[in-house]
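Asker: Protein chains in written order, with the working numbering: chain U, 440 to 555; chain Y, 5 to 120.
Rather than coming from a laboratory, the hints here were simulated on the basis of the structure. Honestly, I wouldn't trust all of these hints.
To be verified - With a Cα cut of at most 35 Å, we get these calculated DSBU-like pairs of lysine-lysine:
#1 Lys59/Y / Lys455/U
#2 Lys512/U / Lys542/U
#3 Lys45/Y / Lys455/U
#4 Lys18/Y / Lys509/U
#5 Lys45/Y / Lys512/U
#6 Lys442/U / Lys45/Y
As the list claims (entries may be wrong) - Partial chain U-side listing against chain Y, Cβ under 10 Å, derived:
#7 Tyr489
#8 Asn497
#9 Gly524
What the hints assert, rightly or not - Listed next, the stretches of chain Y that the computed footprint assigns to chain U, with coverage defined by at least 3 CB atoms under 8 Å from CB atoms of chain U:
#10 25-32
#11 69-75
In this text, a Cβ means the ideal position worked out from N, Cα and C, and glycines have one as well.
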Amino acid sequence: AQKITQTQPGMFVQEKEAVTLDCTYDTSDPSYGLFWYKQPSSGEMIFLIYQGSYDQQNATEGRYSLNFQKARKSANLVISASQLGDSAMYFCAMREGPSGTYKYIFGTGTRLKVLA
Amino acid sequence: GAVVSQHPSRVICKSGTSVKIECRSLDFQATTMFWYRQFPKQSLMLMATSNEGSKATYEQGVEKDKFLINHASLTLSTLTVTSAHPEDSSFYICSAREPHRQETQYFGPGTRLLVL
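Throw the hints in and build the complete structure from the sequences for me.
Answerer: Laid out in structure tokens, this is it:
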């Protein structure tokens, strides 16, 4: 069974508009972490934002915010004021497992294209 | 953030040869490093978890004798693809985790392997 689900294989957004990339997860661990990474065509994985399962507030990092809905097991990424340089693959990931033996599971990704 | 390097960035080899990929944490000590494989237009798949001074933990379906991992120091882990075949052609990415920052991992820039 998929532990991380990204249902949007591709998304378009107009420059300067906001866009939401969906991510749902499945885990029975009470302690876990959720991440979003950006992967440009060059291949490097760029860390964007992190949300811990016990964090009370939604994480924000500049133009990125994570809409964490624990009961729904969703962790959507919101990018505000999209820029052309935001065009890339975006991966949602989950860290689970006991401390010291963490594993990271990645979703299938969403390709975002920002239009001028 | 912390810096992780990989070498080489690209490698082309003949079928049957072995290829070694290095992953280094440049400004921190990494007790744990991860090796991922990414096929074109697909997600990252964890191959193995490498712990300094001990044997690597391989994910189900990953051949230990095919993908040799050595984590000899706190700043270096190596992945050797032995007797490479064309189906081993892929993008290999390592990541490293700081001992006192369990919530995240830092990725290397990746290595593109092409086996002819």
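Asker: It remains to establish, for every hint, whether it holds in the given structure.
Answerer: The hints, checked one at a time:
no., hint, result
1, Lys59/Y / Lys455/U, "violated, 49 Å"
2, Lys512/U / Lys542/U, "holds, 18 Å"
3, Lys45/Y / Lys455/U, "holds, 27 Å"
4, Lys18/Y / Lys509/U, "violated, 49 Å"
5, Lys45/Y / Lys512/U, "holds, 25 Å"
6, Lys442/U / Lys45/Y, "holds, 19 Å"
7, Tyr489, "holds, 6 Å"
8, Asn497, "violated, 16 Å"
9, Gly524, "violated, 18 Å"
10, 25-32, "violated (count 0)"
11, 69-75, "violated (count 0)"
The structure shown violates the earlier hints numbered 1, 4, 8, 9, 10, 11.
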